[in-house]
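Here is what each chain is made of, one letter per residue.
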Amino acid sequence: MLHTVNKSPFEKNSLHSCLRLSKPGANILLLEDGVYGALKGSDISEDIEASLADRGVYVLGPDLKARGIHDDRLIDGVQVVDYAGFVKLAVDAPRVQSWL
Amino acid sequence: MKFAVLVNEGPYTHQASDSAYRFAQAALDEGHEVTRVFFYHDGVNNGTRLTTPPQDDRHIANRWSELGKEHGVDLVVCVAAAQRRGIVDEDEQRRNGKDGNNIADGFRISGLGQLIEAGIQSDRLISFGD
Chain A
1 MLHTVNKSPF EKNSLHSCLR LSKPGANILL LEDGVYGALK GSDISEDIEA SLADRGVYVL
61 GPDLKARGIH DDRLIDGVQV VDYAGFVKLA VDAPRVQSWL
Chain B
1 MKFAVLVNEG PYTHQASDSA YRFAQAALDE GHEVTRVFFY HDGVNNGTRL TTPPQDDRHI
61 ANRWSELGKE HGVDLVVCVA AAQRRGIVDE DEQRRNGKDG NNIADGFRIS GLGQLIEAGI
121 QSDRLISFGD
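Chains A and B, in that order, are what the protein sequence lines are. Under our numbering, think of the first position of the first sequence as 1, with each following residue one higher. Under our numbering, think of the first position of the second sequence as 1, with each following residue one higher.
Keep in mind the hints are simulated off the structure, nothing from the lab. Note that this is a predicted model, so its numbers are computed, not measured. Warning: the hint list may mix true and false statements.
To be verified - Listed below are the simulated SDA-like cross-link pairs for lysine to any residue, each with C-alpha atoms no more than 20 Å apart in a straight line:
#1 A/88 with B/119
#2 B/2 with A/94
#3 A/88 with B/12
#4 A/12 with B/98
#5 B/2 with A/97
#6 A/88 with B/25
#7 A/65 with B/33
#8 A/65 with B/119
#9 A/88 with B/29
#10 A/88 with B/57
#11 A/88 with B/33
#12 A/12 with B/15
#13 A/65 with B/12
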């Protein structure tokens, strides 16, 4: 399953819900303001690090760039993808859950 | 693979319409099919031809129209959401006695059944919105 989260975890609780309810083996893609969830050293980064043990966490590169966030500020293990990578994640998962 | 896309947010609001467009474009570039984009809630505002954004800004409605035309993507606006927000085609103009219509090229107004159908007939349904 691919989960997408498009809001900052400091604005809405959709990323918290996603981390709580997604299952091992799932992939999570952070896009739009959701990319703030991938930053090192925030209130939520420990939860992201924990979920990396059994889930894939991805972040949309163009949305990072639009917000001036360089890759070196991301939690280790979070992978950056472009839109083609987003499409591939959707193809590889049997279904997509958008946490709107 | 067949993709269907749901857009729940208006143009120039946050980023959902842009993300949906760029996802659809990328899927097409990768050789996939985008069967339908369904515009629901404030997303129906993507389907008016009367917008005039500044020249150096992206023209979101035209961009959808062009995508529909070039790749045969069915652009469907939810009728109940459209009626509330004043998105009108010729049929709706006649039916509701309006003095004009504003539906953009390549868009059509239809019911929520089209979203369900898109979900059933496509391999993936991806939602963008607030």
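Q. What hint numbers does the structure not satisfy?
A. Result: hints 3, 4, 7, 8 and 10 break, sorted rising.
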